[in-house]
Amino acid sequence: MAKVTREVVERAGVDVDQLLELLVKNAAAELTTYYYYTILRVNLIGLEGEGIKEIAEAARIEDRNHFEALVPRIYELGGSLPGDMKAFHDMSACPPASLPEDPTDVKVLLKVLVEAERCAVRGYTQICNMTFGKDHRTYDLALAILHEEIQHESWFSEFLGEGPSGHFLRRGETSPFVRKFLE
Amino acid sequence: MRRFTLEDLARYNGKGGMPAYIAYKGQVYDVSSSFLWQNGRHQVLHEAGTDLTAALDQAPHGEDLLKGFPVVGVLIR
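Same order as they appear, the protein sequences are chains Z and U.
When we follow the numbering used here, the leftmost residue of the first sequence carries the number 1, and every step to the right adds one.
When we follow the numbering used here, the leftmost residue of the second sequence carries the number 184, and every step to the right adds one.
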């Protein structure tokens, strides 16, 4: 634990135990989403599915990056990850992005993807709201992740016909916002 | 429609096998089926068995997310 790091956040008025619980739950959401997206990506096949595979893969890798970026902050603030992987899965801040019963229905699969991203957008908005002006490092991290989650949501939303996303596919490396937190 | 006081509502806190009920704008919703209300807690900050009308104004989502849950009663003051 980084003692002064935690102390200054507490003194700024943040309930650090609450914040840590949220960070661990969102880390769980990222890692489980990485797992579930792996299955979803494998099932994105055929004329419709193949077109979506590339963004599903970018989102999958970036969600794993988000997990990696969250872990140091959890330990800096005095928290830890649970030793039990099943407990970690079950405490996720978002429901499992499970493969739909009919994996050939690409629209249903897209809805699973977009709902997972929407849950993440809500979660990081909450963390940003809690830490804004009080815990600069967690805020910066949560905001970086939020930028990427918003892009993921917009990609999937566009494919669902909800309107243009205004975003382009990744050019170059993944995680343009979170990269600075990946050591 | 069942009528709940705040004291009645507090019993449905999602713990010890009790269902998880929450109140919003006078209606009582059963959120027990939600992954996000396990053990009567929601995103660390909110507890089942309470009136969350004011809390929802601060939440990063709107009341539309309550639509899928059954209404089990009304909250009386």
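Think of the hints as simulated: they come from the structure by calculation, not from any bench.
We treat Cβ as the ideally placed atom computed from N, Cα and C, and that holds for glycine.
It cannot be assumed that every hint is accurate.
Stated by the list, open to error - Computed beta-carbon distance windows for the label pairs: (1) U:Met184 / Z:Glu76: 45 to 53 Å; (2) U:Pro253 / Z:Leu160: 24 to 32 Å; (3) U:Ile259 / Z:Gly133: 23 to 31 Å; (4) Z:Arg171 / U:Asn222: 23 to 31 Å; (5) U:Lys198 / Z:Pro164: 17 to 25 Å.
As the list claims (entries may be wrong) - Cut-off 30 Å, straight-line C-alpha distance, at most; resulting in silico cross-link-like pairs (DSS-like, lysine-lysine): (6) U:Lys208 / U:Lys250; (7) U:Lys250 / Z:Lys3; (8) U:Lys208 / Z:Lys86.
*Looking at the structure, which of the earlier hints fail to hold?*
Structure breaks hints 3, 4, 5, 7 and 8.
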